[in-house]
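Undergrad: These are the residues of each chain, in order.
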Amino acid sequence: MNSHLILRTVSKFLIPLIVVYGLYVHFHGDFGPGGGFQAGVIVAAAVVLYALIFGLDACKVAVPPSWIRIGMTTGVLLYVGTGVVTWLLGGAFLDYDVLRNNPDHPAGQHLGIILVELGVLFTVATVMVAIFYAFGSRTPDISDEDW
Amino acid sequence: MLNLINAAAAQAGNVPPTLIIDICLMAMLVVVAFAIVRIRSLFAIVMLQGVYSLLSAAWFVSLDAVDVAFTESAVGAGISTVLMLSAMLLTDRKSAPVPVKKALGPLMVCVLAGAAMFYAIPDMPAFGDPDSPANTGPGMEYMTASVKQVEVPNVVTAVLASYRGYDTMAETVVIFMAGLGVLLLLGLNGNAGFWQAKVQGQNICTQAAPRARILTSPSDKPNTEPRAPGDPEPSSKNTSVKKVAAKKTAARKTAAKKPATKRTTSKKAAKKPAKPKGEAS
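First to last, the sequence lines map onto chains A and B. Quick note: the first sequence uses numbering that gives the first Met the number 0, first residue 0, plus one each step. Quick note: the second sequence uses numbering that gives the first Met the number 0, first residue 0, plus one each step.
Please note: incorrect hints may appear among the correct ones.
[To be verified] Per label pair, the in silico range of CB-to-CB distance: (1) ILE38(B) - GLY80(A): 46 to 52 Å; (2) LEU62(B) - LEU6(A): 31 to 37 Å; (3) LEU22(A) - LEU62(B): 23 to 29 Å; (4) ARG68(A) - MET46(B): 31 to 37 Å; (5) LEU110(A) - VAL146(B): 40 to 46 Å.
The hints are simulated quantities; they were obtained by calculation from the structure and are not laboratory data. Note that the structure is a prediction, hence the values are computed from the model and not measured. A virtual CB, placed ideally from N, CA and C, is assigned to each residue, including glycine.
When you get a sec, could you build the whole thing from the sequences and use the hints?
TA: Below is the structure:
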């Protein structure tokens, strides 16, 4: 895709916005629609768009495949780790109330939900990118006419 | 457009505009579904599947299921379209026409099941009915309790992450396992086809698996350096085939020696020039 000047310019402008929107969907998931899963998919879509426009090799420089293993495990560990922390603080597994001790306002719930959904975001985003990399790497890049 | 819809609604009496939007969206869904069944070009089918997901997301929005609509448009129209495209890249661009057979048995099953569903429609509660099972069961308790217990305005998030934290954890683990399976089976750089095994002293390797950055068939032009326009074509097909075979083994050796992540950079140099137009892949 060397000749698509408009696509390249527009996506250079759009990709950061897509990532920021994904983060908004995650951190605003308590108040509006969305959450970690949707945010992860949106962030992964930004990476996929980059790969579609600039090629898979350039994308693997920008988002190295080594991040995928780290991100996948970090997500699950973050989720389970939140549960273990609540355990250690004396509550039940994934009982977020003990994260912040406040008798009249459940502030721990907010914190716990954000942390847990952050784990979901990491896992979903990296797994989606992993699947795309795994499929996309099996054939060499093809020119536009071959579609 | 909206004025038109409102005018039509006023003419028809008490028909709410959302009902007209619903009917329009459902009709478009049916049209797209028939198009998917009829079209033979897989590229068009993948795109139409994205359109189908987007239409159903719009329909979910009109049903006030915003979270579901969000997921549907992000996963259905976004990611799965790309995954379908990359799967299509590995297989074929057109589907063979399926011969039409007079299958009376399956047709009867379809007709009977459809008739049974239409028979059951009047028993369903009306949309938003406060006496429906969905609105009288434990769902309503979450609506009232989560305000005090979680204080998160979006009840969907409260239920998913707090009340049903175990379920969401298991879902995350399921996604993790899916990614793990893909990595084990395919590998991140498409190099999973390079495995070799020694079964009872016999070397076994996958010759058939498609490989990344390697020309699989002799019909793919093997030249790495672009030829000057004056140069003659390679004299005979035989030599070019031999070249490809030699290059294949060489590439495989380097690939086997180097760790997987480094491979893409080394293969960049061997990337072939763009294929001439019309050459089937």
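Undergrad: Now, for every hint given, state plainly whether the structure supports it.
TA: So, going through the hints one by one against the coordinates:
no.	hint	result
1	ILE38(B) - GLY80(A): 46 to 52 Å	holds, 48 Å
2	LEU62(B) - LEU6(A): 31 to 37 Å	holds, 35 Å
3	LEU22(A) - LEU62(B): 23 to 29 Å	holds, 28 Å
4	ARG68(A) - MET46(B): 31 to 37 Å	holds, 32 Å
5	LEU110(A) - VAL146(B): 40 to 46 Å	violated, 18 Å
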